[in-house]
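With chain A held as given, fit chains B and C onto it using these hints.
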Amino acid sequence: MPTLTHELDCELKLVLTQTKSIKGIFLQLAPIRGTFEGQSKRWWIIFIVIIGGSLSLVVSLILLAINSNSGLGVHVVTANIIIGLIILYSDIVRKRVVKYKLLSQRLSILLIAGISGVIAIITMGLSIFFIPAAWIEFFGAVFFGGFVVGIILIFLYEGFPILNVYKSSGWITIAGFLIVSAIIYMTVVAEWIVPYDPFTLNVGPLLGPPTPQFPLGTTSLGQDLLSRTIAGGAIMLQVAFVSVIICFSIGVPLGLFASYRGGIIDNTVSLIMNAIFAFPGLILAIAIAAILGPGVVNMALAIAVVYIPSYFRVVRSRVITVKELPYVEASVALGGSEGAIVSRYILPNVIPSAIVVMSINFADAILVAAGLTFVGLGLPIDVPDWGWDLTFGSHQLITGAWWVITFPGLMIVILALGFALIGEGLNEILTPKLEKGV
Amino acid sequence: MIEVKNLVKYFPVQKGFMDALFTREKDFVKAVDDVSFKIEKGEIFGLAGESGSGKTTVGRLCVRLTPATSGEIIFEGQDITKIKGKQLRLLKRRLQITFQDPTSSLNPRMTIGNAIADALRLQNIGTRTEQRKQTEDALERVGLSPASAFYDRYPHQLSGGQRQRVIFARAFILRPAFVVTDEPVAMVDVSIRAQILNLMRDLQKELDLTYLYITHDLATARHICDRIGIMYLGKFFEIADSRAIYENALHPYTVGLMSAIPVPDPKAEKSEAIPTGEIPSPINPPPGCRFHPRCPRAFERCPKEEPELLLVEKNHWVACHLYSD
Amino acid sequence: MTNLLQIENLSVEYKTRRGIARAVDNVFLNLEENKTLGLAGESGCGKSTLGLSIMRLVPHPGRINEGKILFNLDESLIFEGGSVEKGQIDLMQLDDNQMRAIRGRKLAYIFQDPMTSLNPLIRIGDHFTEIIQAHEEDVKKDEAINRGEEILETLGILPERITDYPHQFSGGMRQRVMIGLGIALRPRLLIADEPTTALDVIVEAQILDELATLKKQFNLSMLLITHNLGVLAQTADDIAIMYTGRVMEIAKTESLFEDPKHPYTQCLLKAVPDVRKPDKTLAWIAGAPPDLIDPIPGCMFRPRCEFAMEICATQPPPLEKLDTGQRVACYLYTKGVSKK
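As you go down the protein sequences, you meet chains A, B and C in turn. Okay, so the first sequence: first residue is 1 according to my numbering, each after it adds one. Okay, so the second sequence: first residue is 1 according to my numbering, each after it adds one. Okay, so the third sequence: first residue is 1 according to my numbering, each after it adds one.
These are calculated hints, taken from the structure and not from any lab test. No false leads were mixed into what you were given.
Below, in silico cross-link-like pairs of lysine-lysine (DSS-like), each with a Cα-Cα straight-line distance of 27 Å or less:
id, chain 1, residue 1, chain 2, residue 2
1, A, Lys99, C, Lys15
2, B, Lys82, B, Lys5
3, B, Lys270, C, Lys277
4, B, Lys205, C, Lys280
To list a few chain B residues with every Cβ distance to chain A over 10 Å, as calculated:
id, residue
5, Val8
6, Glu43
7, Arg175
8, His223
9, Glu278
For each residue, glycine too, the CB sits at the ideal point set by N, CA and C.
Pulled out of the complex, with its shape left as it was, chain A reads as follows (with noise of 0.2 Å):
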């Protein structure tokens, strides 16, 4: 190959057995273009136009609400983005003092930690020395919502540079993080940001159209819808991060088990994750949701169910590859137990594909607990929830009122378009990457 630094050599291998595998390189007449690397100018129009919609939508969201919150909420978010500068400038002092060999890189995290730590505290005691009645809520609205905001801020300040050089595959990531996050943020501060109560009944008109006074309109029950979409994030992001969690700690571990050992147990495993795989998922999950129950954890586990099979066949798939590696066979030839094997040689080389499912995941896990509570299946019925407004949103379809159902359904669009767009660069960036050394 080409060129003398292995770096290079790898990405040029991946490149022409790409392109290679691809075509042919006598069938491909066309100069080699990268993937994603080089997109045309439409697809970044079109890029920005989504991307900015979403986010700006949902900033303006937020926006809207403190605007007309007579409450608390302009002091939060101050506080929230004070703390994240907070944030942002110790892991600026931490790039520094590892630069100078003060601390290593591991320890270094701990200086942010530390700081985090001693915020916190300051905001505990600020909080139940100014609202001792709901000091608890303030604080985490103040303190995690900082703590969101700091992390957007570093993951631009530190990741921006790295994922720039991916061109439009990084371009994704950043985007889908940033909408994650904007809505992961809207969640925690929504108590203190929402102008009304979003459980309480006749605040304003019953169905009421977008005013000034209530800027997305009024449910049919009277209740803010603007307060009803900010707050309704919470189920769905629970949902979604309860189900991802028990899918990563059930699949993950069952395919590096089952596929490294092999033979009987393997191929018994394989047969019960297929059969579940080759079940339509909403209607499994609608089965489930319906024998379990509502609640949160239940719902959760029904999406669980559902999504634990795409797991344990992308472990799979990447252990038979991984396993066949020299330097795996090495560590048997080196007397290793299957276990060390397992989590010091396989594991590393199967999590990055398993988080690009994850993440995937998320985005399904989100339209199918919409699709849950959207038949009935999923909450008590006096949970602000967009599934719910949804449902009932279609009720009121009819009468002409667009709005109940337009605005949660766009966000859990934008919610499961963040998620999807972080799985889709995430893909493209981590899986070069493993090849690299192969």
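Okay, now just chains B and C, sitting in the frame of chain A:
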């Protein structure tokens, strides 16, 4: 040192669903088909042949990386094909193997220091500091000095030759007695091959090793092997001292193999005896002598009867009907 | 004899995350008609990049920076939406469509790995049809298959196997099919990038023989890229030795093997084993080539060279023609430089 008796390895062929349904008998890839040989202590035994000859499988069987179908491998007085569990783990300290591709033989996510020290960790030998000490010694011994400069580097930061040295360091840190090296210089640049071969020789003297050197490259095998065995479709065709193989090759296949090697001399005469065709599938090897369809000197006895490996000269074994009388 | 291919001052750079690597650095090469030029060097010397840049197929992070690739076109090519005039043309000046018309029809490329270069889902015959029809639209399918059968026959493959799928062929057979596809449109120049490296010695010898026959039969010129000097000794007319993206020495095959001039060539030849000279002691070159991303000034071989002088550290030695006909890039042969 190591004695292989009637070693057989068949790999079952994966069949399609319909085939499996309608045919009872299973097909096998006869990778190693009834092979016997002996390697003396302190010897470098070369195993040469084309791809598909089963030479790599023999190597893997000798270090118990693949279980044998039948036959015996006697190492230090015991048959290692039947050993299991803890004993097998201890046995693996005495037997080592290195693979062809130095790049994929190292975990890209592990520093080379960790990769070598991991050999000790996997066998639970020593404390962390002892492991580090031993690893640094091993790095120095294979010529990667100063060891501390190499310890924390990643494989992609090294050149191909350096990576091959790391692999030797990892294989030798457990102080094995018998090492299988599978094409150690095939992926290394020509300009440093001799250096790697010298390193192998030095390590052999220092650590009192025995090698099984697997190769397809007879031109370099000459420079390191004491004896060479030529394999074809899972069988030995010829085993002799290295000098005898080069100067007095008896089996027509060996002669063909030697004549096909490109000679770096534009004035060299073109060899005429290049065998036609390619190595057939090891699922259904030709009857009788497996080489007879390609052999320029085949006669009527060859397709009927399988030749045995016979001693025709001093230390020179050949499996060919031309020499069987 | 006219030059079929003339490369002038060609440089190719790869942009990586660590920096810019010059994989091909100021290369001048000539290939005469009906000759074989061997391009030899160790891994990472830029020989494959050079081959790919002639096809203008340098993969993504790489870019041809400067230079001319002059190709002597024997006939004008007319295709949908454009044409290429005959005569000496600079491939660097052509647009994508023109380049596409030349690729396959006048320039052919054979990759090292025959296993992944064929589409496993379509028959060998369809490979032929597809490539022939891509350039000559009026050719019927039967005619294309007939041509394919003829070519397979010259390569020692039974013509009826044209209906087989690639997986039914062995590695050697597949490489033969690749070569067959390469010459299906009677190109003028065949660039073979390590065509036999993935194959066993016996098959390698067979294929090299067949390539030599084809070259005669089709009036081909060949650029044979390989790391194996033994292969070149048997097949090439001229050999260019590359190191870290630069050409170190170009000479007739006989003079290169008999009287290598550049210290690197000398060392390389001492390191090549020869099965007919069993008592040859193999030498090696200590050290490794410098990092292309962080190149050293002057001659890149200097740190490994036993004849290194002060001047070697100043700037890269130019490729100069000696009285004996070789062209060498080394200050040992530059007049007016004092030898130590």
